[in-house]
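Visitor: Sequence lines, in order, name chains A and B.
Residue numbering for the first sequence follows this note's numbering, beginning at 1 and increasing consecutively.
Residue numbering for the second sequence follows this note's numbering, beginning at 1 and increasing consecutively.
No lab work stands behind these hints: they were computed from the structure.
Keep in mind that a hint or two might mislead.
[Said to hold, decoys possible] Cβ-Cβ distance ranges computed for the label pairs, FRET-style:
(1) E194/A with P359/B: 54 to 62 Å
(2) T211/B with G113/A: 52 to 60 Å
(3) Y161/B with V18/A: 24 to 32 Å
(4) M207/A with R357/B: 31 to 39 Å
(5) A175/A with L281/B: 52 to 60 Å
(6) Q88/A with G48/B: 52 to 60 Å
(7) A111/B with P56/A: 53 to 61 Å
(8) Q235/A with R26/B: 33 to 41 Å
(9) Q88/A with R158/B: 46 to 54 Å
(10) G186/B with K117/A: 15 to 23 Å
(11) G197/A with R158/B: 50 to 58 Å
(12) M207/A with R158/B: 33 to 41 Å
No residue lacks a Cβ here, since even glycine has one placed at the ideal position from N, Cα and C.
In case you want the letters, here they are:
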Amino acid sequence: MSQTLIAVDKVSKSFGGVIANHEISLSVTEGRITGLIGPNGSGKTTLFNSIVGYHPIDGGSIKFEGKEISELRVPQIARLGLLRTFQQTRIYSKMDCVRNMLISVPHRNASFGDLFKGYSGEQKDKAENLLEFVGLYQKRHLISGDLSFGQQKLLEFAMALMNEPKVLLLDEPTAGINPTLINGLIDRLKRANEEFGITLFVIEHNMRVIMNLAEHIYCLAHGEMLADGNPDEIQNDQRVVDAYLGAH
Amino acid sequence: MTSDNTLPRSGTLADQGAGGRAAGRRIAVNADNTPWYVYLLLAVFAVGAPFVFPAYTTQIAFLWLMILFALTWDIAGGQMGYNSLGNIFFFGAGMYISAIVQIGLFTDVGAYTSARGGEQLVQDHGDYFYGLVLGTAAAAVGCVVLALLLGRIVFGLRGPYFAIGTLGIALSARELAGTWAWIGGGSGIAMPVYPGQPHEKSVVFYIALFTLAALTFAFLRWLYATRFGLAVNAIRDDEEKAEAMGIHTLRHKQVAWAVAAFFLGMSGAIFGNMTGFVEPLEVAFPTVTFGIFMVVMALLGGKGTLWGPVIGATLFHVVKEVTWTYLLGWQWVALGLLIVVNVVFFQEGIMGWMQRRWPERFGITVDERLSTGGDAGREGTP
């Protein structure tokens with residue numbers, strides 16, 4: 001279980017004159033939780049967007065399971081099993097939670113005829129079990145846009161699990177969530193990783209969360225890779241501390 | 001389906017299919033719970049109307065056409081959130097395709113149209129219906145092809161740009177048809193003459209439009225209960241999210257528009273034969289009347305719902321006919337007032353307003369049970 005799932009090699013991306021990512025290289029190992037930290041504007045979300053095909057990259061290569069994906073489009077990459085959640089939570093706000101879950105079934109091998117299929121009882125049970133897993137079972141028939149922000153975030157997480165991804169890119173999963181809920185969320189992220197075998201790659205600002213969660217952490221600053229290592233190494237790395245305190 | 005099952009703890013989520021309670025159960029999302037007597041009453045009205053109110057046969061035939069307009073517009077406009085202002089294009093295109101087929105089967109189209117109505121096709125019942133059926137079928141197929149081709153281009157546009165882009169298609173089709181001499185240009189085409197009494201003709205087209213409206217409704221009722229229904233709703237709510245989740249968005253958008261084109265093309269073919277004369281401005285591509293009506297009717301009844309377009313079209317048509325009869329001169333004011341009230345007070349339409357007023361009747365409820373355990377009898381989402 002130590003295969004490299006995502007291999008990012010010297011990826012650069014700039015917007016006009018602003019260099020968001022400069023020759024970033026990192027790898028995400030199968031079955032593990034990898035973290036990505038860095039001050040605001042250090043290029044974390046840009047890197048996520050590059051990996052999932054949201055915009056073309058200027059240079060470098062991105063491989064998923066050994067296959068080059070930097071030329072593929074967003075839905076094609078998603079169907080390979082590489083899924084992301086959004087920093088600003090995105091759900092289907094006019095549909096109820098169960099429908100949000102059902103439409104998130106994997107579309108990996110969807111043929112044209114599958115457009116007109118119904119859902120099996122298994123799929124519905126799975127949707128309800130996952131809603132229970134994130135604590136939304138009671139509210140499953142409510143319109144998702146009426147839920148609180150934290151609950152929407154949990155719903156988005158459950159939708160991602162419904163899709164059975166191989167790797168899940170989470171963009172600040174705990175932002176805007178109250179401290180009690182955060183503990184529950186960390187627990188659920190770990191269980192998703194251990195029990196469902198989903199590799200996680202997490203952007204996080206909350207140091208307590210990421211140090212608890214990740215086994216390996218990368219730190220970006222000013223669009224460049226500053227440091228990487230296990231949580232202890234990162235915590236004691238003077239460059240990382242300086243970056244966060246604004247010495248750069 | 002046993003009732004003594006226990007909830008498999010998370011961790012076995014992936015291999016739940018083995019659990020007995022779910023085996024073979026099919027779930028229809030957005031299942032239609034309309035009581036059977038509603039359909040019975042509608043059927044009785046539809047079948048009885050031409051006998052009970054023979055003088056109103058054509059008006060009620062128009063009602064079925066209005067329902068067709070609203071239903072087909074709502075597929076992309078309501079359910080998928082792509083507000084097309086150019087759906088009338090398929091109505092006119094279907095009309096012209098059927099005209100060309102119906103005339104081309106029996107004579108030379110160019111010679112026929114250049115006679116400017118000096119030549120009329122007079123046929124017996126057999127030839128007439130043979131042409132009508134073939135023409136309508138060709139209109140359906142032709143409009144689907146057009147929708148798939150044009151969809152590739154216009155579905156790159158979003159929001160207001162999509163609305164304007166589709167409006168552009170309808171307007172340019174209207175100009176093209178007006179200058180294309182082979183199909184009669186601005187002078188139009190006289191359709192084959194119906195070989196029977198006028199009342200018989202109005203009943204025939206009444207039946208044709210009602211049948212088509214009923215088929216459209218039945219088809220959409222089924223379609224919205226499949227994955228397709230949820231997928232187009234997802235595109236409506238957040239298309240970028242839908243893409244990020246791997247949904248084939250373009251495929252769904254094209255199919256949605258092609259379904260609308262299929263039924264609109266056929267209704268255009270039938271309507272062309274009903275009026276007996278096809279010309280681009282008022283009959284085939286009436287952008288500011290029928291083209292806007294279809295949007296207004298769907299909004300009035302509640303876009304993105306199965307019954308909303310039907311209710312909206314009925315209300316709109318009744319108000320329109322009543323004001324035309326009793327408030328002549330004020331009819332546009334009355335219609336305008338209806339639209340203003342709709343947009344200001346009932347933005348979500350009648351069905352949407354009802355859903356907000358009585359959410360529990362639409363299944364939007366909190367379930368007090370904490371878990372999925374031991375409730376095999378529970379059934380699907382309403």
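Visitor: Each of the hints needs a verdict: does it hold here or not?
Guide: Checked hints:
no. : hint                           : result
1   : E194/A with P359/B: 54 to 62 Å : 38 Å, violated
2   : T211/B with G113/A: 52 to 60 Å : 27 Å, violated
3   : Y161/B with V18/A: 24 to 32 Å  : 28 Å, holds
4   : M207/A with R357/B: 31 to 39 Å : 48 Å, violated
5   : A175/A with L281/B: 52 to 60 Å : 56 Å, holds
6   : Q88/A with G48/B: 52 to 60 Å   : 55 Å, holds
7   : A111/B with P56/A: 53 to 61 Å  : 56 Å, holds
8   : Q235/A with R26/B: 33 to 41 Å  : 53 Å, violated
9   : Q88/A with R158/B: 46 to 54 Å  : 18 Å, violated
10  : G186/B with K117/A: 15 to 23 Å : 48 Å, violated
11  : G197/A with R158/B: 50 to 58 Å : 37 Å, violated
12  : M207/A with R158/B: 33 to 41 Å : 39 Å, holds
The structure does not agree with the numbered hints 1, 2, 4, 8, 9, 10 and 11 stated previously, though it agrees with the rest.
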